[in-house]
Amino acid sequence: MARIFALRLLTTLVTLLGVAVIVFVVIRVVPGDPIAMMLPPGATEADIARLRTLYGLDKSIGGQFVIWFGNVLQGDFGSSITARQPVLTLVLGRLPATLELSLLALLMAVLIGGTLGVTGTRLRGTRAEAGIDVANGIGLSVPDFLWGLALIVLFGVVWPLFPISGRVSPRLELPFSTNFYLIESILRLRFDLTRNLLAHMLMPALALALPLAAIISQLLKQSLKETVNLDYAVLARTRGYSERHVILSEALPNAALPTLTLIGVQFTFLMGGTIIIERLFSYEGLGNMAIDAVITRDLPLIQGIVLLFALLFTLVNLVVDMAYVLLNPKLRHA
Amino acid sequence: MLDGRGALRRRAGLRLWLSAGWQAVVMLAALFAPWLAPHDPLAQDLMLGRLPPFWLPGTEPGYWLGTDSLGRDVLSRLIHGARVALIVALVAGTATCLIGSTLGLIAGFYRGWTDRIIGRLVDIWMAFPPVLFAILLIAVLGTGLSSVVIAIIVIDWTRFCRVVRAEALNQSQMDYVHSARVAGFSRPRTLMAEILPNVLPVIVALLTLEMGIAVIVEAILSFVNLSVSTDRPTWGGMIAEGRIAIHHVWWVLAFPLAALFLTVLSFAQLGEGLRDRFDPVLR
Amino acid sequence: MSAFLEIRGLSAVLRGTDLRLLRSVDIDVPVGTVRGLVGESGAGKSMIGRAVLGVLPRAVEIVEGEILLDGRDLLAMPPVARRRLIGARTAMIPQDPLTALNPSRRIGRQITDRLVDILGWEPARARSRTLEMLAEVRIPEPERVLRLYPHELSGGMRQRILIASAFVAEPELIVADEPTTALDVTVQKQILGLISELQARHGTALLFVTHDLGVVAKICDSLSVLYAGKVVEDTTVARFFEAPAHPYSAALLAATPRHTDPASSLKPVPPAVMHAVGAEIAAADRSWRPRHG
Amino acid sequence: MAEALFRVEALRVELPDMTRKPLFGPVPRLEILKGLDFEIPRGAVLGIVGGSGSGKTTLGRTLVRLMEPTAGRILFDGADITHLPDAAMRPLRQRIQMIFQDPMSSLNPRLTIGRIIAAPLNATSRDPRVAEALGHVGLPAEFVHRYPHELSGGQRQRIGIARAIAMRPDFILADEIVSGLDVSSQAQVLNLLEGLVRDLGLTLAFISHDLSVIRRLCDRVIVMQTGRIVEEAPTEALFEDPQHDYTRELLDAIPTPDPTVRW
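Chains as they are written, first to last, in the numbering used here: chain Z, 113 to 446; chain D, 146 to 428; chain E, 233 to 525; chain V, 48 to 310.
Derived from the structure by calculation, the hints contain no laboratory data.
These figures come from a predicted structure and were not determined experimentally.
Worth double-checking, as some hints may not be accurate.
Said to hold, decoys possible - Facing chain D, according to a computed beta carbon distance under 7 angstroms, are these residues of chain V, among others:
#1 Arg67
#2 Leu113
#3 Met114
#4 Asn155
Said to hold, decoys possible - Residues of chain V placed beyond 10 angstroms of chain E at every Cβ, according to the derived structure:
#5 Ala51
#6 Pro69
#7 Asp84
#8 Asp127
#9 Pro132
#10 Pro187
#11 Val191
#12 Asn238
#13 Phe286
#14 Trp310
C-beta: ideal position from N, C-alpha, C; glycine also.
Let's have the full structure, built from the sequences with the hints guiding it.
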């Protein structure tokens, strides 16, 4: 097992190095003169000179990469050109909002998808299953962006149930000392704030959750339907266990395993989706900041956000792969 | 069971026809936009601003789906917007498919170091959020249709590569591939004549999905104002305008949204329908 | 004495169609005897075993007949009571030892859980009885084996576990569904020997589903030959191998390889026999009207 | 005695054992075949028997060069083919054919039967040779338009045979070709193969786990256990007077369809 983990860690490091090279190439090499790219509207001669010395642009490409990568490893992503603050501070300040949104969406996806998958298996061969299949088909082919828009029209305009912009109502006093608003509001027992936060998060989270819920539901149902016909599930039935027990206790632990690996990759897709969904709902997270950074050409900030996302994605995949090994008795003893 | 399959086939046939019907509508709109559109999609007339669609009170004759805040005709913009959507779907979808599938086939069939390099590359690519990657590329490359197409290819080739690689790998372990070797087939011939026909259904399904995805990516880029130039109407651009004035002109958002929904769904259905119809194993 | 398991006029169709899968099947398995259920793939032999245990696939619908377990008709019972009765008095030895054990649970729990959950035994009693049973199927170090996961055991060992698990609660009927098809011949011989020995010692009624007439000759007392869901011959093993009565079962026996007499074995089934048995099925179907219309 | 069609000398096959692959350094190797010597005379039918894990399938795949030997020599018709590269092997391929265990997996599901049989043949001789091959295995010529999944198991396996003989090979390897079939189809396929070997003068290696099938078809038998040949003898002698314990064990374990024979 230690061998599998070590191997996996090694490939993760290689991936992260590759990510760094590509970010470097796209941002620093392709545009020709990166300084010109980095110039915010209304930059002065002094800005240009400062940036040139900062990035050591007189050096060779390889030399530039080494300097740049060295800085990155020390957590120095430079300073934002528009906000004139260290990139790391800005990025870490926004990260909690995006994490809370993604995790809430993941939770919703697992609950919706899991329920539909198990129910579909329970009702296999009936009209209800066919209905779940149709819903899955639509959920699979329509992306989060469209779900978000549809939710805005439905529950923001036609039947205005929820606010359509922001993370929290702007007029509220916030007693928070961290940026994990949702978690802190629960810990501080300020459930009025929790409700307000959730009302803002519900639609963006649902938009992010629906495609993943459809994938989970479809894959879980498929693998459950195979598993409930395996001999061990049949044996459990002949021993007097109910169908419910067979699905939940015998089949689910085994059928969930392939679904779990899939959730890893899909969760990174979901996090990638936060970028446009945050924009759509004016939610103050990393993604919204990233789009602003691209529009204002704040290159150090873009770089920082891309690297942070890449780090998160590889970590998610690493964690899921390791969880898979831990949960699979065949690999646990390898 | 036999009856069940028949019913399934009929329903699949209906879905295929409905999808093909919508595709035809989009294609006709794109081809004949100047003749079909009742107005100039760019003509502004603030006197005619914020007209609602035809079934609501306060409309002006000839503006069926209303106008936006600047008084531009929504229907005409919708029809003209089909052009960018269709070009992106066809060009970006096909190019992404060709590049991704080729790499996937090679990696899955030849294994060894090619597979390792391509696999590592896919891993690295998967570490980037695709939307951010696309936006960044456009920022670097500059806006314009060709940049949009390049961005879609660059971010989405991995989708084909991963799935096609897995399928090619799966197929290359079947005995019919060993049998081709015993028959004296060369490796490339085995790949093209034996494996490709078995991977093709997957590729076709992915291709139609990708066409829908390409349309969405373009809409997202338009939405953040990083697609083609603003004097060309796009569905995504309309959605962005509608989102800003959502409480006044929701129809500017709703109609292109509906068009995108139908387009994405019909591409997905088209893929399934084509497979049910033309795959000998399912036929 | 009446048989412990009696199947009377059992017919099944593909759900929602008139396509018959079982055609008025009659089968008896008296206490302490072994009944072989033989046929080629698609003959419905596994389906009968599954019908007895109440685990038919959803696509199969029983339309008439009775399955009497110790005189009580399983098909007339409410589902929960039927499940309890089957769970308490019967057991199954499945075909594939690789998929018959849950890969994510330890061996011990897989045997003892149902003794506690369903039969209401004390956990300690369940455990000691399980250890006793593992020793009876000659599994070395039973204490250690209880803590293992299925993938840590060979195919032959797993099949022993499944046999122990089938006999552990002293069932009166066991349905064995091709229990040795996935095994090497040398292992098959040991496993069949074990099943025979336990069956005789515990006096269990055994319904043994197999495609292999050789296996039938070794462990069964009587057999039913199936073709297209119909019992074409029901006889004792001694009589059958002496002189099979039905032309189809005679042809099946002649097609079976026999190393002691290579020249007269492996005879292809003559087309005339297939036509005749096909016509027999068609005639039976013409005179059959499903009870529910 | 004439020169043997196949001669195998000290054949060894090792495979990398990926389950014990260390993080760095070479992968440990698993020995599958541990030095085999035997010959297949022209026109002979050789049975290769053994349990699972005996290496019989690996031996077959190495003979037809689907797998690369680690050591030893394989001579086909006097020519050393042990390490012949793919391109040099290709002209010999049509003389060495194989029939696979699972016809569902060995017939390309998305090609018609006609294309499956015709694919390796050159264009001029295609149609008559396909028809001839189908005739040999007793299937109607219309089958060329069908797809594999439209046939029964026995029919599929006959297509596997037709594909092999359409090449007019000198040698055919049959790997467990009846183990997935019902007894009636099994008898039919075996009788067909027996007739073809006789009529076409083929040399055949027949891999099986089932000694009673071997007895009917083969002249000589090789018994394998864990990568070694434990006994090689003419069929009659092997069954009448087995020398090795493992052979006796295998023979004893056969369930003969005769309740009067003690087991």
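Hint check against the structure, violated hint numbers in rising order
Failing hints, ascending: 1, 3, 12, 13, 14.
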